[in-house]
Structure formats: structure tokens, C-alpha cells
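On the provided structure of chain A, position chains B, C and D as indicated by the hints.
There are 4 protein chains.
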Amino acid sequence: MIKLTIWNEYEHEKVNPKVAAIYPQGIHQALAEGLAAQPFEIRTATLDQSEHGLTEEVLNNTDVLIWWGHKAHGKVEDDIVNCVHERVMKGMGLIVLHSGHFSKIFKMLMGTSCDLRWREAGEKERLWVVNPAHPITEGLGSYFELEQEEMYGEHFDIPAPDELVLLSWFEGGEVFRSGCTYHRGQGKIFYFRPGHETYPTYYNQDVLQVIANGVKWAAPVRTARPVYGKSEPLETISAKSLTVIG
Amino acid sequence: MIKLTIWNEYEHEKVNPKVAAIYPQGIHQALAEGLAAQPFEIRTATLDQSEHGLTEEVLNNTDVLIWWGHKAHGKVEDDIVNCVHERVMKGMGLIVLHSGHFSKIFKMLMGTSCDLRWREAGEKERLWVVNPAHPITEGLGSYFELEQEEMYGEHFDIPAPDELVLLSWFEGGEVFRSGCTYHRGQGKIFYFRPGHETYPTYYNQDVLQVIANGVKWAAPVRTARPVYGKSEPLETISAKSLTVIG
Amino acid sequence: MIKLTIWNEYEHEKVNPKVAAIYPQGIHQALAEGLAAQPFEIRTATLDQSEHGLTEEVLNNTDVLIWWGHKAHGKVEDDIVNCVHERVMKGMGLIVLHSGHFSKIFKMLMGTSCDLRWREAGEKERLWVVNPAHPITEGLGSYFELEQEEMYGEHFDIPAPDELVLLSWFEGGEVFRSGCTYHRGQGKIFYFRPGHETYPTYYNQDVLQVIANGVKWAAPVRTARPVYGKSEPLETISAKSLTVIG
Amino acid sequence: MIKLTIWNEYEHEKVNPKVAAIYPQGIHQALAEGLAAQPFEIRTATLDQSEHGLTEEVLNNTDVLIWWGHKAHGKVEDDIVNCVHERVMKGMGLIVLHSGHFSKIFKMLMGTSCDLRWREAGEKERLWVVNPAHPITEGLGSYFELEQEEMYGEHFDIPAPDELVLLSWFEGGEVFRSGCTYHRGQGKIFYFRPGHETYPTYYNQDVLQVIANGVKWAAPVRTARPVYGKSEPLETISAKSLTVIG
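These protein sequences, in sequence, are chains A, B, C and D. When the letters of the first sequence are read in order and numbered with this note's numbering, they come out as residues 1 to 246. When the letters of the second sequence are read in order and numbered with this note's numbering, they come out as residues 247 to 492. When the letters of the third sequence are read in order and numbered with this note's numbering, they come out as residues 493 to 738. When the letters of the fourth sequence are read in order and numbered with this note's numbering, they come out as residues 739 to 984.
If you're looking for bench data, these hints aren't it; they were derived computationally from the structure. Careful: at least some of the hints might be erroneous.
[Claimed, not checked] Below, in silico cross-link-like pairs of lysine-lysine (DSBU-like), each with a Cα-Cα straight-line distance of 35 Å or less:
1) Lys495(C) <-> Lys350(B)
2) Lys104(A) <-> Lys968(D)
3) Lys350(B) <-> Lys708(C)
4) Lys756(D) <-> Lys104(A)
[Claimed, not checked] Partial chain A-side listing against chain B, Cβ under 10 Å, derived:
5) Ala37
6) Gly187
7) Lys188
8) Arg222
We put the CB at the ideal spot given by N, CA and C, even for glycine.
Bound-form chain A, shown alone (with noise of 0.2 Å):
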């Protein structure tokens, strides 16, 4: 059992009518609901809990954490912030999903700006499989549409991914590097593009789907973890080096 935590921020669902529509409990809710029938032990927590409900015992107990964010990017403690980076470092996996490209941890992670071009026109999103022997990709076909998505077009402002898994097609005329996958620390960290939280995307059993193998693909592995700083020879070293140094 994979232990996943659902952070969203949980501001729209409560001011917008429209959003509230499409995900009454929230789009944590949702996905912890589409998610319900993988090997997973799933909580949920939002911004407006204690520390964001990110504890330490909270974070210490998971092992992936699914981050969703958008309106309320600056109103994440840093302190909290610092404390998820640390948990990446450490092994704990992090799916960032669509306007969390520009939330502090996932800027942090990548050093860059993270900043892309963007539309709301509910228009059509055609995701392609563009590595089909990578694990995020089980189970999908050569492609799978969003009727209607917000546009997020390149140049997508992010390190080049480890590996590239899906590209986007839009209706209005742009690409978008929309599944990517990044090693960091001994955590492993999926941004996956699609989600806007006007339109029923986290319902779409295809983005399921990739949610659910993104989860399982960034669980951490059992590595011992690194030993840092000031280190012994395991070798001898030559007498003149320590003559010439003495």
C-alpha cells in the first residue's frame, strides 16, 4: 500500500459557484474518490488546516504527495514549503498537477521560472504518448482528448525532463510538454499538465489513469540514504601526496 496524501489549496470550490458544480467536495475529494480502487491509503489535506495539514508527522507518512494549487501560491508558509522540499530530498515522491507549475515547491525543485503561456476557451486537448514504454503510460492508448481544457502552450519555462512522456495538442494552434517526469534528491517528482478547475477533468478516466500510474512510478524505493561530508580514504594514499601536503 502506497501511503498518498492530496493536498489542494480549496479556495475556488468554496467561491466559485461554477467550480463548487463540478467538485462540491473539492477536487481533493475527487481524486481521492477516482482513486479509491488503487493499492493506495489516501488522505487528503488543504491550505486553510493547521500547517496546511502538511505536518510533520503527516509528511513523515507519506509517500507521495499530490499537490494542487492555484490562487493561493503565496499563501503557502515557506516554512512548510521547506519541510516538503526536505521529505523530496529524502525519498518522498510529488505529482504536481497543472497550475501547480507555478507553486513555491515545484519553482523551488526546478530553479527555473516555471512560466508558460496560457488561454481559457474550453477548448480541446489531445495528449499523445510519446515514450510508450515508460510506466506512467500503462494502460493508455496512442492518445486521449479533454473536450474542453484551459490552453497552456510552450515555452513551458523548466529544466528539460528526465523523460518526456506526453505532449498536448491544442484546438487554438500550441504544443505543450504535458507529462514530465524528474529525479531530485532521492525523490521523484511527475508534473502532469491537464486539470483546470472549471471543467470535469480530474472525473476523465484517462488522467486517472496517468494520476494513479504517476503515484505508483514516484513511490520511493529502498535506497540507503547518502552519506555526506567529510570522508575517510577507503584507499591508501600515497606517501608522497602526504609529504607534498604536510
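This is chains B, C and D only, laid out in the frame that chain A set:
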């Protein structure tokens, strides 16, 4: 259960008493025994069998193929190599060990000379984990050692690996990219350096751990076979375009 | 001055009046004229010449080779392909254009099927820059358009490129990795998608800019040829080792 | 002419007689002299200058910035670090040397801890070329040696480099990824390991060659600044879409 086929050219063991003393049943049997506790359904195949033991039926029932060859690369029939290549394109995993760097199948998949420096001096090798987030490093510490191995040194003439997992240090002064992953078609390939026939390398528990991890990582995913060739448009193409080409 | 050889199979132009009308002297001449202002010393070569115009002398005096082929891939002699491959290993740059994705030399270098989706419908292609730090994008804007082109769509069965530079959007609903770089041996390879023979693509200034940038990027560097094969140790190997193997 | 600014924290040289004996005018001056024959317009800057010598005017007139820091990373003002970061995003090249691995700017760009193993024992380092097609290796042989250096060992906690160029072997038994390239935004970054302040490393001709190659590689290209933010569609979006969202 992953269906694993272990292929060995099985020539040194028959003619060199030193090798026979280490691997009396052949390298393939030593590997099969070393991996017996894993959730693998294991069979072996050797050069001297009909179709080198790699019939269409065997290949179609193989999830992951391990390849050990050295002195008889030239005796492997091109037809069989082509069949193995086609299976990799369709998703079969491939673990290429040690001197398999010069096998027909590895060179065909890499597109380069796969040449390197080498030396048989029974020297020490130390393998360092450089990607502690990778599932192939599961269960390893910061490094592991082999008291005696053949040296392989850079430059190793391969494409830059998709992921570099292990680096070797050699007593005689060289380094080597010893654990390298690739996606090719729908198949996953893992090259793992150690395993000269005159040393008991395939009884080493860290080596067996890496090979077992590699098999699990390389197992196929159930992604749809991509559709290639002439394709009807998925969107309406403007009359202007059609007129111009009419 | 970079020594550039432009190779063209030069068959469509001789038998298809539509192609002849666009490229009366052949695609190779159109490219030579389009690149005439660059600091390149240009020669051309075609399939119908002796050794396809790619004699040992020509190859040894070529820094970068451009390759355009389509209907006659099978007529290219294996010996010549092997010579080109060897030159790439030793540092010659290679620019593979459009339908050259199915050429013997590209498939040999990639190790995969290089298959893709395609359609001739005269539709619009828009190429987006996804790596604006890369020298191959010098002088480009955010994107450029070709009013009419053949469609190539994903999945494109290539190794993940070392660097992905351009992505195409097609009117009919597909996307494609249209600018891909690779290092193979000491050679650099750039695959660039556009250039179907029935459209005047190679007169487009953005297309010519990308090709010129690609040639400059792919020019060889004067790094020493790596030394391969049996190597003496650079450090003293311990007596213990020598004893054990003695 | 590439406009090169060499930044040095310039602290060890003032307080440690051993360092002062090797670099009497500071590491920055030694580098400036060692690179004087290159087609670079060189200036230097140090921590103790106003705005650490990195005013907006200086940064705007810098194509490539070399960074050497060690004991005073914490004294570098965050505002200056942010300005350097913004310039890298817009195309300025950055060469990070040795202990700069722990500088604020490098950690911000990498998004990881950038931690490693280390030891000061005056031991031998041998740097192997692993990408002999790369312009940063121009003029090098298969390897070069430094008789005495500080050891840096794996695991080096960085993102997998876009290109791995050099690997180090250390006498005491470790290996290290010593030459690593990255694209971030429109900027290019090259991390190069050698250069502990108590050894005369920056007088070594191979080291200077690598740094000069790195500067040339990292120089900006004149690609248009990407356009980000809200974007009008480039193609007509279907009435159906517009109705649904109306």
C-alpha cells in the same frame, strides 16, 4: 511473476578449467540460482541450442531477457538477433551484462561502436550509486566493492544513457559508467558492467540485487502498441489547404 | 569555414513534374543556394553518382553531412552506409532531414524502427521552440509556420533525444518532436522534420536558419580520438591482487 | 568577443598565507591571466565590492559569469543572487567552479541540496572525458591529471546533468561527476569540479582549456525572448467550445 529468460553463450565454462571451477553449471545456472528467491519464472537458453534457445515461442513468453556473451558474439545468428531486437521494440526488457557490450544485439540497439578500455589484472572495483532515487539501486548502500574484476574504462562508446545509475572506480586508475538505462521502442534496456568469467562475481549479493532490480525495472508495461503509418486527420483540415493541394 | 556536403537521393525531382517545378535543380541545389551566404564550403552529392558521391575522399573532407532521402533508401549501398557511420563515430556531423528518418544511416544510428504516423494533406504545421537556450534556435521567434506540409505524428519511434529543440503542431490534430539532437561516438546528429518534396519548404527562411544553425552546432570539435582496447594500469595494482590472480 | 566576468569571493587569499602564496592577486586574477589569450573581454568582481561587483550594469554587460566561492556563501546578498538568477534565465552563461557547488546561486538553479563527500588529503585526481563529441572537451586527450586536489565524491546531490562531460577518479577510492552541463531558462550552466584554493589548479593548462571551452559553450545565443502569459488563439476555436463555456 515476471517471465525471465537467462541467455548465456556458455563457451568459456566448457573449455577453461578456471571458469568451470567457478561456474560448473555455467553462468546462466549461477544466475538462475542467485535469482531463485525473486518473483521470477526463470528459464535459461544457450548458444548451442537450436535457434540458440531463443525460438519465437520462447521470446514471446519472455518479459525480460538477460544476455551474457563474450568470445562467441560472431556465432549468434543475425536472424535471431533481429527477432530479439523486434521483441525489444515491442516491450521485452533486456539486461546486458559485462562483455555483452560487444554483442550484436547491444550494438544494434545502441548504434555506436560500444568500444572501451579493458585490462585483466584482478584489480579491485568499487561501484558508486549516483542515482539513489532509481529503483535499480533499491537495497544498496552508497557503494559496493568487488575484490577482483576485469577493468573496463572510459571512454565507453555508448549513447549517453537515459539514466546513469552506477559509476565504477578501478584500482588501476580508470572510471566507468557501469549501470546505464535506455528506453528503445517499447523496451527497456539495462547495461550492467560486472561479471568477468574468471571471477565469482555472480555470487556476490549486491550484484545479484542489482540484476534483480534491473529485471523488475525492465519488465514490460501494458501500454497500447503505437499505431504507425498513414493516418486520417483527427480534426477538420481547412478548405484552403485542400484547395491548394487539389 | 565548415566543409558541408549536401546529399540528396535526387529521384522525385526527375520523375514528378510537381516536384521538378519546385526544385528544378534538385533539393540539394536549393539547399546549397539557401545556405550560400553561410561560412560553409559546400558540395553536393547524389545517389546516382559513383559511390553515391560519398567516396572516402569526400567523406574525409566533410565536416557535416546533410541527408535527404525518401523513396530510394533501399538503393543506398550498405558499404557506403557503413563508411558514413564510421565517419560519424569519428566526429562528422550529420543533419537528417524529413523522410531521412527511414534512411539506413539514421536507423543504424538510432537502433530503433524510426517509424511514425504520416499524412499528405497539405495542412499547416507550426514549429514551437522548446529550448530557447540552444544554438539551433538562434534567430528564431517563439514559433514559425509552414502553410503546407506533410504531417508526421507521434509516436515517433526514436531514442529520447539528448536535447529536444522543436515541437510541431499540425492542423489535423497531431504533434511531433521535430528538432532532436544526439551525440553518437564523436559525432553530432540533428534530426529536423520539415521538407516534403511537394512543398517549397527549403526556400523558407526559418527552415534555412534552423539548418544553418544545425550545421554549425554539428561541426566537429578537435578532441583527441579516444583510445580503446587493452590498457596498462595508470596506478600500481596491489600485490594482493596480483597474487590472487597469479 | 565574449564578455566574461570572473567573480571570486576573495577571502582565503587575504587570510591564509598558503593560499596567498599560490594566488597572490586572488583566484580571479589568476583565472583572468590564464584566459587572457582567449577572445574574451574580461573583468573581475569580488564579494567586498559594492553589490559584490555585480551591479545591474555589470550583469547586463556580461555574457558569461564565472563563480568561485567557498567560505562566504552566506555573505552573498539574496538580492544579488536573485539578479544573477534572472540574468541566467535571460541567457547569461554561468560557470560554477569547485566549492561553488554550495553557493546560493547554484543551489537555487539546481533545486537540490548539492551536497557531496569531501576530503583534503592532497591526493591525485584524474579526469576522464566521457563525451568526446562535446565542445567542452576540445583540445583534451582521453584524460588529464591533477597531482594534488581536494577529493569530492559521489553521491553528488544534483539533478542528472543534461550532458555529462567529465568523470573524476580519486586516489582514495571515490569517483565524481566533474563536468556537468545544464540549460536553465535561456541560460547555460557548466559545473566544473577542480580548484581547491590550496593547490595551484588554476595554472594547469588542461583546467584552463576546459574553463575556456566552457565559457564559449555557455555564451548566449540570440534567440527571441519567449513570450509568456495570456495568449490569443492562433487558430479558430470551434463554436461548440465557445458555446459550452459561454
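Here's how the hints hold up against the structure:
1. Lys495(C) <-> Lys350(B): Holds. Lys495(C) to Lys350(B) sits at ~33 Å (cutoff 35 Å).
2. Lys104(A) <-> Lys968(D): 21 Å, holds
3. Lys350(B) <-> Lys708(C): With Cα atoms ~33 Å apart, Lys350(B) and Lys708(C) stay inside 35 Å; holds.
4. Lys756(D) <-> Lys104(A): Roughly 43 Å between the alpha carbons, so the hint for Lys756(D) and Lys104(A) is violated.
5. Ala37: Status violated, d = 17 Å.
6. Gly187: 6 Å, holds
7. Lys188: Lys188(A) check passes; min Cβ-Cβ to chain B is 6 Å, inside 10 Å.
8. Arg222: 6 Å, holds
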